[in-house]
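Engineer: Line order of the protein sequences matches chains A and B.
Counting from 1, one number per residue, gives the positions in the first sequence under my numbering.
Counting from 1, one number per residue, gives the positions in the second sequence under my numbering.
Simulated from the structure, these hints should not be mistaken for lab results.
No false leads were mixed into what you were given.
Think about it this way: if two alpha-carbon atoms lie no more than 30 Å apart in a straight line, the pair counts; the simulated DSBU-like pairs of lysine-lysine are:
1) A:LYS10 x B:LYS347
2) A:LYS353 x A:LYS64
3) A:LYS353 x B:LYS347
4) B:LYS347 x A:LYS34
5) B:LYS27 x B:LYS347
Values in this document were obtained by computation on a predicted structure and should not be read as measured data.
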Amino acid sequence: MPDGSLDRLKREGRIVVVGASLAGLRAAETLRDKGFEGTLTMIGDEPYEPYDRPPLSKQVLLGKATADHTALPRRREIDAEWRLGVPASGLDMATRRVKLADGDEVPYDRLMIATGVRARPWPNEAEGELDGVFVLRTRDDGVGLARHLDAGPRRVLVIGAGFTGSEIASACRERGLEVTVAERGDAPLVGALGGVIGAVAAEMHRENGVDLRTGVMVTRLEGDTTGRVRAAHFSDGTTLECDVVVVSLGAQRNTEWLAGSGLGAGPRGIACDAGCRAFDVRGIVTDDVFVAGDVARSPHPLFGYQFLSLEHWGNAVAQAETAAHNMLSESSDRRPHIWVPAFWSSQFGVNIKSVGVPSMGTEIMITQGSRAERRFTGVYGYQGRVIGAVTFDNCRWLQFYEQQIEATAPFPPPFPTVDRRSDGQRPIPADFPDPSVPTHGPTITLSGYSPADRRMTFTPAGH
Amino acid sequence: MAEGILKQILDYSNRSNPYPLYEELRKTPVFHDGTGPYVISTYHDIQSLLHDPRLSSDAHNLTATAGDPLAGGEGGGGGEEAALPPSFLKLDPPEHDRLRRMTNRPFGPPHSPHRIEGMRDDLHGIVSGLIDNLGDPGRIDLVDQFAYPFPVTMICRLLGVPREDEPRFHSWADTIAAGLDPDPDADPAERLRVTHDARMELGMYLAGLIEERRKNPQDDMLSELAAGHGQDDTMSTMELLSTSALLLIAGHETTVNLITNGMLTLLRHPDVLADLRENPELVVPLVEELLRFEPPVQLLPQRTPLVDIEVRGVTIPKGSSMWLVLASGNRDPDRFENPDRFDPYRKDIQHLGLGSGIHSCFGAPLARLEAQLALSELARRLDNPGLVEDPPPYRQNAVLRGPRHLEITCDGIRP
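Go ahead and model the full structure; you've got the sequences and the hints to work with.
Structural biologist: Quick look at the structure:
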C-alpha cells in the first residue's frame, strides 16, 4: 500500500549518486525527469564533469578531437550538488551514509552506485610508472597519450588486442606511427568474438601494417636512466624497442570502496536484481541501494538468468534510466532491466557492431556477406538458438538479428537471406578460448550459472 | 471495410488526403485482398521488415504479381528485359552494396565528406535567384517557378548534366516516374513499353555525357563515377548508366514534392510559418517533421520475401509482392503521439520518410539541405503569403505524391 513515503522522498528526499560518468549523469537526469525535487548529490573521483569515453580511443588519438572537449551533452538541468575530485571511500548501510576520501560523509535516503570500471594497470607497478607507459580509460589518460603520439614516437607497443587495444593500434597506423600489438590469445578480439572472427581481425591488423604478435606475453618493460620506457621483453625471448607503451588489458570494477560495507560487491561487480536493486552479502535485496552501468551485474532472462556485467555504453544509459525509475516507484510500477547487450567499435576503417552475448555462443554462421571482403554478419548459436550476432561494415541488418535473439530463434537460421554466400552454408565452431586462459577479456562477463545447466564443472578463474 | 481500400488509395480523387485511408488500412496491419499485394502499414512492422534480410528488392524474386498494380516496371519481373539493368535501388547485396558504395565515393563520407556542405552557397544562390524572379506576387505557381527548377538545377550541377538539356530529360523522367504510378486506366504492358523506351532514351543521352566526361573530366559526379577507382572499383558502362539515371530522376522527382508539401503545410499552419520566419534554425526539425507528416515517397512497392515469412501471424508466401506504406507508418498512433498533428517541436521524430535499412534514401543529405534552405528562405522573403486553392491540384502519382501546382499570392517579395 502506498503510504506517502514515496511522495515524501520525491519532494524532500536525499539521493546520492556515486560515480559521475555516463550512468551517473543519465540516472540523475532521469530522477529529475521523474519528478524528484529533493537534494541530489553527485560524487565523482575525477575533477571533471561527466564526459564521454568512446572518443578517447578514437577521435582523440587521431587528433580530431581533444580529450577535454568530450563533455557529455546534458539532456536537462539536474540541479545537483557536485562533489568532484574526491572518491567515495566507504558505505555505512545502517546509518545510510557515504564516506568520502576527504573524511566527509554524505547521508542519503536512496543511493545510486555507478562507479564503473577502471583500466587494469600493468602488474609491475614500477614498470607501469615509467614515462611513456599508459593505460587508456580517463580523460587524463587520453590527453597524455595523445600528447605522446603527437611527439612522433618511433614505435608504440600496445599490450592486449581487445577492442580498446585494437582501436589504439588503428589510430596509430592512421597517424603513420609504427605499432606493435602483443596479445596473449591467438588473435585480436578473441575473447569477445571468438577465433573465427579473431582471424579476420588479425588480417585487418596485418594488412594495415601493424606488427601483430599473438600467443605471446610481455614479461618486462625496461626504462632508460631518465625513467623513460625504452624496450619491452617478450615471453618468446625477443626484445622490442619502443618509446610509448599502452597497457590495454581490460578493466577492473571499482568496488573496493565497498569492502566491509555488507553490500554484495566484489571483483566481478555489484550483484543486483533485474530491477537494479543491489544485493547485500547475504543475497538479500536492498530497498535503498541501486546500481547501474559497468559496475553492475544483473540476471538476464534471455541469457539463462546468468548474471551479466556489461561494459557497454548503451547499457550504462538504459540501466541508469531503469534504476532511476525504480528508485522512485512503488514495487508494482518497477521495470526490469532486460536490455539486449549491444556494442560497437571502429578500427582500421571498419565499423564493428555486436548484439547479444557472442561469447556465450559455441558456433558461428556467416549469414550474410563474406569474411574475405570484411563485410559480413556472423550469427552465434548456443544450444540450438541464436544468442548473439556481429557485423563488420554491415550494421544495417543488425536490428533483425537482435529481434532473432529476443525471440530465441533457432540456430542455425533455417531461412535464406539476401547476400548469403559460400561462407554461410553451415555453422562452424566459434572458437572461443578456454575461459581459464587469460586474454584481454571480453566486454561482457558471464558471472553466474544458468539454472538450465544440469551439471556444473569447475573452471579455475583467470585473473 | 477494408475491401477495395487499395483501389481507393490509388484513386486520384483521394490524392489530396490519403491519411484517413491509411488509418483504415492499419486496422488490418497485414492487408491482403486475395490477389493483390501484401500491404504493411504500421510503423514497427515496416521498420523491422526494412531490416529483414529475408526480404528482397530484386524483382527477379517476385513470382506472384497477379493483381498487383505496381508490379513490373524497371528491371524485369514484367517478363521483358529493361533497356538498362536495374539500378541499385532494385538490387540486393552484394551487387547493391557494391554499386551504392561506389556511387557514394564522390558524394559523401568518408571519401567526399564535404561535397554536400560545400554546395550550400551554390544552393543558396539558386534559391535567391528563383525567389528574385518570382514575378507578379499576386500569382505565383510555386511548383513551376520554384520547387521544380531548384532541385533540377542542383542535381544537374552535382552530376554535371547541362541545365539547358532539362526539356529533353524532363519528359523521360516524367514517364519513368509515372511508371511507378498504378494508373488504373493504363494498360500495364503499354506502360511497361513506354517506361522501357524512356529509360533507353535517357540511357543513350547519359551515355553521350559520360563519354564526353571520360575525355574531359570536370569537378562533377559523372566524371568521378566514369573515372572509377582501381580495377575492383569500376562500374560497367551499363551500371554507370542506370546509376546516373537513378541519381538524375530520384534527385529531383522527390525533392520537388518535399518542398511543395512543405510550403503547403506551412501555409496551413501560419503560426509555424511565423515562428520559422523569426527562428530560421527551426527549419531543421521542421523538415524532419515534414518527412514524417507528408513524405514525398508514400510507399515502397518493391519488396518480396525469399521464403515464406510470418508477420503478425499472417504467412506471406515466398515471392509475394509486398507494399510498405511509409506514409502510414509515419502516422501510426502506436509510435507517435498525436500523429495527425504537424508539430515541428516534436522531440521523438524517428520517421520512415527516407526509408530505413540498406536502401534508405541515398540522397538524404542533399534533400534535407535543399528543403531546409528552400523553406527558410521562402518563409523569410514572402510577405504575407496565402494559398489560392486548398487543396491544390495533385500529380497523378500515388507513390511519389505531391501537388502538381501550388498557386499562392503574397503582398510582396522582401529583399
